[in-house]
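Asker: Here is what each chain is made of, one letter per residue.
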Amino acid sequence: MTRRVAIVGYAQSNHQYDMPLPREDMVFEVVKGALEDAGITKKEVDTVVSASTDFLDGRTISGVFYGMAAGAYLKDESKAEEDGTLALYYAFMRILTDIYDVALVEAHTQGSCINPHQVSFYMLDPLFDRQFNVLNDIATAALQARMYMSKYDVAEEDIAMVAVKNLANAASNPHAHRRMLDVTPEEVLNSKLYYEPIRELTMSPISDGACALVLASEERAREFTDSPVWILGAGSCQDSYLRDRNLHRLESLEKAAQRAYEMAGIKDPVSELEVLEVSEKFAHEEMMIYEALGLCREGKGRVLIEDGITSKYGELPVNPSGGALGADPVCATGLIRVIEAAKQINGEANGYQMPHACRALAHGQFGLCAQKNVVFVLGGE
Amino acid sequence: MPRPVAIIGCGQTKHLSRRRDVSQPELIAEAAWKAMEDANVTPDEVDAVVVGNMQGFGGVAQPDLWIGDWIGAPGKPVMRVTTGGTTGGTVAQAGYYHVASGLHNVVLAVAWEKHSDSKESGATTGLGHVGFGAQVNLFRCGMGLKGFIATSGVGMAAGVAVYQAMYYMHRSGCGIEHFDMVAAKSRRNAAKNKYAHLQWPNCTPEDIAKTEMVAYPFRYGHVCPASDGAAALVFADGNTARKRVRTPAWVKGLASITDEENQLISESGGGVGIIDSSEQMGARVAAQKAYKMAGIRDPQKEIDVAELYQPFPNQELLFAEKLGLFDEGKAWLALEKGETDIDGRLPCDPSGGVMSTNAIGAAAMLRILECALQVMGKAEEHQVPKKVNIAVAHGWGGSTNYNTVTVLGSSPD
Amino acid sequence: MPYIKEERPETLSVEGEWAYGAHVYKANTLLDEFCEGLREKKLIGALCMGCGKVIVPPRAICGRCHIRMEGRQVVSDRGTVVSYIVSPPMVKGKYKMLGMDPVELGIVKEGESLVPGHVRFDGSDSPYNLPILNARPEEVRVGMRVKVVWKEDLEGKLSDIEGVEPIRD
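Residue numbers (this note's numbering), protein chains in the order written: chain A, 1 to 381; chain B, 1 to 413; chain C, 1 to 169.
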């Protein structure tokens, strides 16, 4: 890396179903919040990168209608689609070029406006998969879960344990959407069945939400704050299309993590990371993510859950904020993970602060069965 | 300063109104593989991929997930960028930033549009939805169908460009005959470009003037087609670029500026604060920023060729002024003198431009691609008959509020 | 194998749907405020306390200043045409707009042209798209002074403004 880049401010909305705010106002609030958190005004911002998809926003070129709310007036602005972490990756690169010093990243989705699972149907190959009219992201995730379960001898109870951990964690996060402190594995296993073995509580909820963060180069970051959160490593990768990949492994996440670890100089993630925030849109994915991130051997993700290693009080807490099972405003989810990781490093996670969090990992995903993955390694001073 | 970045490979498909011989991924692969071959790189050597189109036109949500396999994307970072008409421009610029950041060395940027996949015309499925949410709210507040047709029905796809033309005519004093001249010039140039869609050798302004009026001041001859097509560029860092090709086109300056949205309605149906849609302050800011980065002091003298985004003829004149190629309100005088012809003092759109080939997602990238060809001297029949040192490419889109400007040069410094 | 093919035989096509319609759009209530004003023949705009711009109909956020547009300002119902376009003379059955025939709907008479314009009302800083009524297309020009043609019985709807007509005195 030619220069160091830091996160200096962030804000997120209170994620919920059917937020009583139009998209423009929602974006305005979080952008304003992030700028205030960084202690700067729109004037200091050099470039803006946003993330959302036209389909989820319900109009073509949706970017034009929230550009002003995002503070992009006569600024160098662009829109990386899909997950907010991709927008962050783009903004990160923009600062690395030396052309810009301060960037604003924004991501949002109002899931209550259009069912995101319905949209996922249109991501399928129109020549073949779409013709059958049976698949969507839940159905493909169910295929993935079944494959993973039979290959590594994982039971539905194990998946339920992931949901219990994250939903209970979400209870202490005021921004989360689905907060269930006393949820039991039985409750999870008795919740509504969508596609065997995916149930209501083992998949992410449909949320409305937005988040924004401010990035700055080293020199500017020192001006704005005493506690910048550095981006130590970043990696992004896309897998083959649904039919051409090993569904029981997240190979693209492995590659993305490798790149991020290499950049951050991490050799052993288990001992060098203190907390992780990952986007598990379905509970079984969290175990697959453990494996892809190198926290355990292939097929052993279950053990980390069973032994409580990744619980709030374990050795390597994962998703103390509740993760995507706690709130999932589709395009914002990944960026919220980055913000939660930064909060842990800054010691600002009231109620779910992990002790001694110096290095954290944040992960964002997009596509059917987590086809596209982005990993960020963050660190404090 | 960022490290030097160059375009080392260009690929585009033949553009037609219906490319029924290929599927969407095959169309994209046609351009992408050609670009990689042109750049002398193998798919394995490509570090990252940037793609973009307007998904509303092709009927697939996030098509990068599906088409990635056709262009060698699996196992690589893939970013999708969409900004309407400027999509190609912003995709190419994202490709630049990938390399300039130092994170990646060779990056493939692909942009495309396949209008014919949509049963209705692209204007209905794609453009019609640009302001859909706001329109719905206007209807809720009792706008009425009659009122809607009486205001927004006229001109339809040409929409805001027709008003823009009127603003421009009023301000600059040019006439409808100058629009005929621009359109005829584009069609003539396109005839020399084997990839272009609407080709009309020896087209004269009189031919265009014979076509029927769509909405005053536009005739049918002034309106761009809807094409199927794709464009691809390979970006590389300085060292790789020098090793792989003899004459890379160096990226010297770039900017993509967002102005206030300008389709008279904002997110919830309120008004917008831009009165004159031909003002295009974003283009002016983008140009000055890009020129500053490229070290251009006097664009009128230093720029050798320009590729402007002109789906409608007024825009070639308008944006030539905003990009500082001519004085404000004087572009049509230069047009009369033939200065913007392919062999003129400052050729504008020697490829035929968007007027002749309009695959929306790809159109703005094609501008950069054509500039790269001019710099590399590979534009074949439509190569301008002079040495090209600096070329400027422009993209325009969104709700008339996005502008991208990219300056290419024959040397890195 | 060359990537650019010379011959292009048509391939198989399959049909699929693409539903954009199932979307719930959330909007702010500023348009309702504007419509209430129309009941009293008032055009209410939003005033930005940062740059002083007045936008009609009101919008929520001023992008230039990045603040909420808190102020309200009533603007004149007289204004200036800043741009306009002219449709070809409408003939029944020849032109369809959104699948509808404007002549059949009674929006224009046979052989007449539609002339929509951008009108800047005095005191506002935004254009408003309205049909220009009671004027021959050739006499419409940029800079022409116009006033609102109000509907006879006002209902507090956007359609209370039928269009604008030239001020003749």
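Incorrect hints may have been included.
Claimed, not checked - PhoX-like, lysine-lysine: derived pairs with alpha carbons at most 20 Å apart:
(1) Lys243/B - Lys337/B
(2) Lys386/B - Lys337/B
(3) Lys147/C - Lys157/C
(4) Lys96/C - Lys109/C
(5) Lys53/C - Lys151/C
(6) Lys300/A - Lys151/A
(7) Lys194/B - Lys301/B
(8) Lys146/B - Lys92/C
(9) Lys157/C - Lys92/C
(10) Lys109/C - Lys42/C
(11) Lys14/B - Lys192/B
(12) Lys53/C - Lys42/A
(13) Lys146/B - Lys96/C
(14) Lys53/C - Lys146/B
(15) Lys386/B - Lys192/B
(16) Lys109/C - Lys292/B
(17) Lys378/B - Lys192/B
(18) Lys192/B - Lys387/B
(19) Lys32/A - Lys43/A
(20) Lys14/B - Lys387/B
(21) Lys386/B - Lys53/C
(22) Lys43/A - Lys289/B
(23) Lys194/B - Lys337/B
(24) Lys146/B - Lys151/C
(25) Lys92/C - Lys109/C
(26) Lys41/C - Lys147/C
(27) Lys289/B - Lys42/A
To be verified - Per the computed footprint, the stretches of chain A lying under chain B, defined by three or more beta-carbons under 8 Å from a beta-carbon of chain B, are:
(28) 50 to 58
(29) 68 to 76
(30) 231 to 244
(31) 331 to 341
Just so you know, these hints were derived from the structure itself, not from any lab.
Remember, predicted model here, so these are calculated numbers, not experimental data.
Built from N, CA and C at the ideal position, the CB exists for glycine as well.
Asker: All the hints need checking, so say for each whether the structure fits it.
Answerer: How the hints compare with the structure:
The straight-line distance between the Cα atoms of Lys243/B and Lys337/B is roughly 43 Å, outside the 20 Å bound, and the hint therefore fails. As the CA atoms of Lys386/B and Lys337/B are separated by approximately 18 Å, the hinted pair is consistent with the 20 Å bound. Straight-line distance between C-alpha atoms of Lys147/C and Lys157/C comes to about 18 Å, which keeps the hinted pair within the 20 Å bound. With a CA separation close to 15 Å, the supplied pair Lys96/C and Lys109/C stays within the 20 Å bound.
A hinted pair counts as satisfied when its Cα atoms are at most 20 Å apart, and Lys53/C with Lys151/C does not qualify at roughly 28 Å. For a cut-off of 20 Å, the pair hint linking Lys300/A to Lys151/A stands: about 11 Å separates their Cα positions. A threshold of 20 Å between alpha carbons decides the hint, and for Lys194/B with Lys301/B the separation of about 30 Å lies outside it, so the pair is violated. Proximity of Lys146/B to Lys92/C is assessed by CA-CA distance (about 16 Å); at most 20 Å being required, the pair is judged to hold.
Taken as a hint, the Lys157/C and Lys92/C pair is broken in the structure, with Cα atoms around 29 Å apart against an allowance of 20 Å. Of the pairs offered as hints, the one joining Lys109/C and Lys42/C is violated, with about 30 Å between alpha carbons and a cut-off of 20 Å exceeded. Taken as a hint, the Lys14/B and Lys192/B pair is honoured in the structure, with Cα atoms around 13 Å apart against an allowance of 20 Å. Pair hint Lys53/C plus Lys42/A holds up; C-alpha atoms about 19 Å apart against a cutoff of 20 Å.
With a C-alpha separation of about 13 Å, the suggested pairing of Lys146/B with Lys96/C holds against the 20 Å cut-off. The suggested pairing of Lys53/C with Lys146/B is violated, with an alpha-carbon distance near 30 Å, which exceeds 20 Å. Among the hinted pairs, Lys386/B with Lys192/B is consistent with the structure: their alpha-carbon atoms are about 17 Å apart, no more than 20 Å. For a cut-off of 20 Å, the pair hint linking Lys109/C to Lys292/B is broken: about 55 Å separates their Cα positions.
With a CA separation close to 13 Å, the supplied pair Lys378/B and Lys192/B stays within the 20 Å bound. Straight-line distance between C-alpha atoms of Lys192/B and Lys387/B comes to about 19 Å, which keeps the hinted pair within the 20 Å bound. This hinted pair checks out: Lys32/A and Lys43/A have alpha carbons roughly 12 Å apart, not beyond 20 Å. Restraint check for Lys14/B and Lys387/B: not satisfied, since their Cα atoms lie roughly 27 Å apart, outside the 20 Å limit.
Only pairs whose Cα atoms come within 20 Å are accepted, and Lys386/B paired with Lys53/C is rejected, the gap being roughly 48 Å. Pair hint Lys43/A plus Lys289/B holds up; C-alpha atoms about 16 Å apart against a cutoff of 20 Å. Of the pairs offered as hints, the one joining Lys194/B and Lys337/B is violated, with about 27 Å between alpha carbons and a cut-off of 20 Å exceeded. For the hint pairing Lys146/B with Lys151/C, the CA-to-CA distance comes to about 13 Å; that is within 20 Å, so the pair holds.
With a C-alpha separation of about 9 Å, the suggested pair Lys92/C and Lys109/C falls inside the 20 Å cut-off, and the hint holds. Distance hint between Lys41/C and Lys147/C is fulfilled; the C-alpha atoms sit about 12 Å from each other, no more than 20 Å. Restraint check for Lys289/B and Lys42/A: satisfied, since their Cα atoms lie roughly 19 Å apart, inside the 20 Å limit. With 4 residues having a beta carbon nearer than 8 Å to a beta carbon of chain B, the segment 50 to 58 of chain A meets the requirement of three or more and the stated coverage holds.
Counting residues of the segment 68 to 76 of chain A whose CB falls under 8 Å from any CB of chain B gives 7; the rule of at least 3 is met. By the rule of at least three residues with a Cβ nearer than 8 Å to a Cβ of chain B, the coverage given for the segment 231 to 244 of chain A holds, with 9 such residues. Counting residues of the segment 331 to 341 of chain A whose beta-carbon sits less than 8 Å from any beta-carbon of chain B gives 0, not enough to reach three: the coverage restraint is violated.
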